[in-house]
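For chain A, the structure is supplied; the task is to place chain B on it using the hints.
Line by line, the protein sequences are chains A and B. Residue numbers are given in the UniProt record's numbering: position 727 of the first sequence equals residue 727, and the series is strictly consecutive. Residue numbers are given in the UniProt record's numbering: position 148 of the second sequence equals residue 148, and the series is strictly consecutive.
Simulated from the structure, these hints should not be mistaken for lab results. Among these hints, one or two may not hold up.
[Unchecked claim] No more than 25 Å apart at the CA atoms, straight line, and that leaves these computed lysine to aspartate or glutamate pairs for DMTMM-like:
#1 A:K375 <-> A:D348
#2 A:K691 <-> A:D775
#3 B:K128 <-> A:D28
#4 B:K126 <-> A:E459
#5 A:K927 <-> A:E866
#6 A:K473 <-> B:E125
#7 A:K114 <-> B:E51
[Said to hold, decoys possible] Example chain A residues on the side facing chain B (calculated, C-beta under 7 Å, incomplete):
#8 W70
#9 K72
#10 K453
#11 N708
#12 A711
#13 R742
Note that the structure is predicted; figures quoted are calculated from it, not measured. Every residue, glycine too, gets a C-beta built ideally from N, C-alpha and C.
One-letter residues, chain by chain:
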Amino acid sequence: MHFQTLIILAVFALGAAARFEDQAGAYDWYKQHIGIVSSAQFHPSKPRVCVTTEQSVVGCLNLRDGSVAWRKQLQSAGAAPSVVYVGSAAALLTASGDYLRAFDLEGGLKWQRKLPVQAATVVAEVQGKESEKSNGAILAVQAGAVQVLDAADASQLSRPHQLKGLARDVVVVATGYLVAYNAGSKSVLLVSTSRFVAGDSAAEVVVEAPQDLSGVAAGGPAGFAALSADGSALCALRLGGAGGDAAFSCQRLDALVPELSAGPAAGHKLIPTSAGFVLQGGDAGAAVLAVSDGQPKLLRFYAAATGASAEASVGNNAAVGLVEGPAGDKLRLLVVSAASGEVLQEEDFPAAALRRAAHGASLQPRMVALGAFRKKDKSWGVRALVVFRGGLTALLQQGVVVWSRDESLATIRQTLFVDLPANGTALKGDAAAKADMNTRIRYQVLGAKVQLKLNTPAEAAELLELRGLLSDKNTPTRDVNGFRKLLLALTGTGSLVALHNGDGRVMWSRTFAADTMPTRLLQWRSYHDITHAPEVLLLREAHPGAYVAAINAHTGEELWQQPLTHGVSRVVSVPAPLIEGSAVQSVYLLVDHSPAPGAVPAVNLLPDSAASQAHFASSQRSPYLFWEGVQPGTLQGFSLEAGPAGAGDAGITARLAWQVALPDTVLAFATRDPTEPIQSSVKVLSDRTIKYKYLNPNLLFVATGLANGAALDGDDSTAVIAHLVDTVTGRVLYSQSHPGARGPVTAVLSENLVLYHFRDVESGRFVACSMELYDATPGRDFSVLDYLFNPNSTQPVSSLTPTPIEVVSQSYFSRIVPTGLAVTRTEQGITAKQMLVITNTDQVYALDRRWVDPRRPKKQKLTQDEMEDGLTPYQDTLPFSPLSFATLDKQVLGLSGLAVEPTRLESTCLLFVHGVDLFYTRLAPAKGFDSLEDDFNYALLVAALVALSVGAVVMNYMTKQAQLAWKWK
Amino acid sequence: MNAFCSVLVLLGLIGLASSQESGVVRGRVLIPANVNHSTTTIILHTSTGEEMRTYVNGEGAFAFHDVPSGVHLLQPFNLHLVYPEVRLEVNRKGVVSRAALSHNRNMVLNIPLSLRPAMEAAYYEKRKPFDAWSFIKSPYGLMIAFSLFAIVVFPRLKMDPEEYKEMQAVMGTGGAAAAGGAGAVGGGQQAPRLRQ
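For reference, chain B alone in the conformation it holds in the complex:
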């Protein structure tokens, strides 16, 4: 009798342990507060090459029934979020024996599945806030900067003193030569004046 009872208890425990329904995959899709479930779709690609689809209820819960055994790919979708794909192994009893991220099988997920988004789906490039440096780097900024540089800085650029002297000298001798030439042609009137 005692033995019979213990067998019963054991059977009960086994029953508890395998309380998961056969062929059923359950889970929940989590979303941040600013997104709704209107586009949430759960797609299960079964190992037989078929596609099963389901949607979620108001709380984000979903369930697939009659899932065959094999390795399946679970693809959660929400238009405004990006979810990682999940690799599901369903054993011959129809129970999910392992759930892991498909791109890294070391990341095992708990069952029932709780699917968190990896990131928000940004379909548009974000304009950067106004930034003086980026404005300067833009064509307009470069044009303005270069012109200002040309206007303000170029005139103030100091010349090499020697070069400056040389230039002065050239200008001086040139002027003197021109004056001399003029004097040679124009007669002797200017020279006495200079002497005065």
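So here's chain A without its partners, still in its complex pose:
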């Protein structure tokens, strides 16, 4: 085929920060996760367990070590998919978003179908037509639409049905029937599934329940059951038989299961079994119920049970697994017969290892899956996959915890880098043992061999191992270069976890209960002296229970907590922090804004002290708030005014300053990071003339265009328009239009550069457009003498008297499809920047800024001046080289965010990428110009010096001999 052009294109690209293969893992680590397991199914033949997770991942784990055998993400926005395992077709069927997919158990996709709408879907296996019993028929119910599909190839077994009555909150599949109702109502709709399969018009039967039903419901062979809305009664519905005799019977829970304390229905769980149901009351125990003649009957109550599994067959018995505990140091697994309620098997597991692995999070099971296997002596054994509330997932088998995975880290929402303690007192980490001299010499020799390519594969592996052993990257104290940091992560499971950036191990962790779960992690207080630990702020916006709390970043200890009386819809940082002695205190504005038109946001200062009020009032540049207004395409800006000094709680008032109506839909925003370091405000060209960068801190980039998903009109007149808006005055400073383009748009604004991506409709390709902004005030000169000695020579730039802008712009096709953009950041901002492009394939591509320089000349032969400016010839497509991926050969599944942190070395910054997976690396956008590499080979240097000295001595001797011989002549 003719792909050579592409190869040439790719070879043209240069990897600025490329690594050698033997350096893999030296500065980076990668942790593969799968997410919080929501359902599990043991593989019928292989030692695997196949799971789906709340992060919308489906995959299989190896039973021996818990490693990921395969996994696939179903949709980018995380939500647990509805899943069913079809044994006859050996397929896992998932319904997520608007897609129905069938996977074989090896990770191959059998088929996929688009569902009519993006809404919750219920999938279930139903009995197929009599003639086609070998194939499982699948019922997919979504917003009242019912489809019957063949699990093997997704062919429609009967025509789709549309039943408005089925569009209810709760849809449960009980044997032979679909049961649908709205939580909190009495009216229950029953539809026979056999009618759907047969293709007949379905008969709907409405049954009135004696009480309002809650969403806690289950359907199975024994019929349908649901808890009443107040949680006091269990209502069972007998199904089957002739159509008319479906009837509800409700029994009070205190009569049915006297031991189970009555509580809100939401804390309970109903699990269907072949004989009845298991009613699990949170941590209050589980009741095994049998249903006979439509009446539930208690078989046995297990008071200590904290988790219950779905039914599984163990030998000839249908059984459920109950987890008891943890009580003391024991976690007990009971295998209980569904028919009799008696204990068939019982095993104890040590809880200490689980407690360690959970880092202090509670060991309450949230999901249990039971599987049976044949032991060597032909008896039946059981294994259980237990998912705890904190996200810990463990496999229990034969009295041991086979493996455990902490999946809470798959739900990271926000991250923050903080400094480690200056000495090792605060953090007791397992620092690498000091290696002896022989090991060090061996390491150097191996390093030399690898560098000269004289190594064997075993030696390369040994080198990697020794590098880990000898490296000081895992020491739990800060280093001179600022490479070692503590990485704080706030997870969706409500934990604040501190990771060491050397290897990603957990230093400490703090777990919050569901009703006190923090939603934001912010910088709070750092100190210039090394004796104080930095403090971070946790904020919970949700009412009731909104609070702010300060946490010691080195220990995780809570320093204070204070309830919030007002709402918080956004948090704005005051650009300059408040300096209090040796402490640097961050100041925030908590904005409470209702979307109603004409509403004025209420603004509160945090911390609300006299010092911070004075700081805010005296800050040189007060921040301006802006956001998209009620009408799409409208931007609103607010100015903030501090109350009179000393007025106490006068607070800050916000006033609507401007309003801009933009054509079309807003597709993307970008603002400059106000703390971004800028080394130079001018650019010196090769002819020694000076251009002033346009560095307005109140600059906002807005891209507008046709909304995503909207169909094009016939005339194809769509355009993406880029606007530069001043957030103080709302003035549109500049705008440029890209006809024939549409979203999605991603944008980043750094220094005087705007980079944004959009899509060209005609070619279908993605386009990157870069804009460099310069101050075009006429007659502006630069004099070194003025600069050095005349403090009045600088010219203030005001938003109220705007300066003319000169915009240099250029567009390129991009092979990378971005979903987000960021930029590297170094201590002083001297190092050339790289644009970090988050790709739609869950990678991060580091694009040198020079490739998107809008001044790239459109000719192959460059002049001396252009070469001196570091320009490269223009090409219509941006270079693409796998060497430039910052994530190397890793895919960060479900990539949701990244954090860049400068180090004290100007050349280097740290990058942490999180999604379902975690990836950390060290970036040197312009290579390590200010330091020797960590793996610099001293052995070669020493060898060269020794060889030189020996040579010098030998030659000295030889010269003397020669001179002597010559003198004797």
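This is chain B only, laid out in the frame that chain A set:
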């Protein structure tokens, strides 16, 4: 009757010609033997700005259903391989009317699509095998080479014969002058000895 039959045949032929299902894009992703399909993803960017994703089965085959009409971009992905992007034109009947490489529309692909990788994705720079010349060019090599040059070659550098003579002469006259001076100061004992 005859005419009716021919109409039927014609209709059948038309049916065969448009046997492609409406709104379906099918294809196969080819991989070399040393790579597996675990990371293979096919992403279709539709003309409406939406993204459709699918995975492949064990054989590398994939299918998109319900693809709207318009110009779409098909982005095949495998972590260890680089695939070219494909521009798909789906006509109003929902049939793929043209598939071509997006960076060069003259390269038309057959339908159903057969996607071949352009190259392997090399995420790491390859270390070059040991090469004496590159070692010499390295700082170590240059240090050693220069030192050897200094030690071995400098002493053997032949001087200009005239310069050498001149130097000898200078040394000779200097020596004689020094000897003469010494003689002048030290009295007349040395000169007679020389004469002897």
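Outcome of the hint check:
no. : hint              : verdict
1   : A:K375 <-> A:D348 : 18 Å, holds
2   : A:K691 <-> A:D775 : 7 Å, holds
3   : B:K128 <-> A:D28  : 23 Å, holds
4   : B:K126 <-> A:E459 : 17 Å, holds
5   : A:K927 <-> A:E866 : 23 Å, holds
6   : A:K473 <-> B:E125 : 23 Å, holds
7   : A:K114 <-> B:E51  : 12 Å, holds
8   : W70               : 6 Å, holds
9   : K72               : 6 Å, holds
10  : K453              : 5 Å, holds
11  : N708              : 4 Å, holds
12  : A711              : 6 Å, holds
13  : R742              : 5 Å, holds
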